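Asks: Sequence:
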Amino acid sequence: MRAQDLLLVTLREPPAEAELPSHQWLVRGGFIRRVASGVYAYMPLMWRVLRKVEAIIREEMEAIGALELRLPT
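Numbering follows this note's numbering, in which position 42 of the sequence shown is assigned residue number 42; successive positions increment by one, without gaps.
Derived by calculation from the structure, the hints in this document are not laboratory data. Quick caveat, the model's predicted, so the values are computed rather than measured. Careful: at least some of the hints might be erroneous.
Each pair of labels, with its calculated beta carbon distance range [what the hints assert, rightly or not]:
id, residue 1, residue 2, range
1, Ala18, Arg48, 17 to 25 Å
2, Ala18, Leu67, 17 to 25 Å
3, Gln24, Lys52, 19 to 27 Å
4, Ser22, Leu67, 25 to 33 Å
We put the beta carbon where it would ideally sit given N, CA and C, even for glycine.
Let the hints inform the model, and build the full structure from the sequences given.
Replies: Written as structure tokens, this is what we have:
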């Protein structure tokens with residue numbers, strides 16, 4: 001998969017509203033984008049990362065016999 005297929009837009013400088021280093025890196029790396037005040041959207045690259053992490057956790061839980069649980073949001 002190519003970077004242009006992921007809608008990947010990176011920034012050289014951190015946005016002014018980003019105070020925490022982790023927030024700055026996520027915005028600068030193109031993982032999240034601000035939609036409104038306090039509302040952020042996950043970009044396609046972030047969704048890929050989240051799905052891979054979920055798969056690893058699910059695999060490890062199955063290995064020890066644990067059950068998956070979903071809570072309402």
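Asks: Next, verify each hint and record whether it holds.
Replies: Hint-by-hint comparison with the structure:
For Ala18 and Arg48, the Cβ-Cβ distance of about 22 Å falls inside the hinted range of 17 to 25 Å, so the restraint holds. Range check, Ala18 to Leu67: Cβ separation about 38 Å, and the 17 to 25 Å hint is violated. One distance hint, 19 to 27 Å for the beta-carbon pair Gln24 and Lys52, holds here, with the actual separation near 23 Å. Taking the beta carbon of each, Ser22 and Leu67 are about 31 Å apart, inside 25 to 33 Å as hinted.
Figure legend: structure checked against the earlier numbered hints; the only hint not met is number 2.
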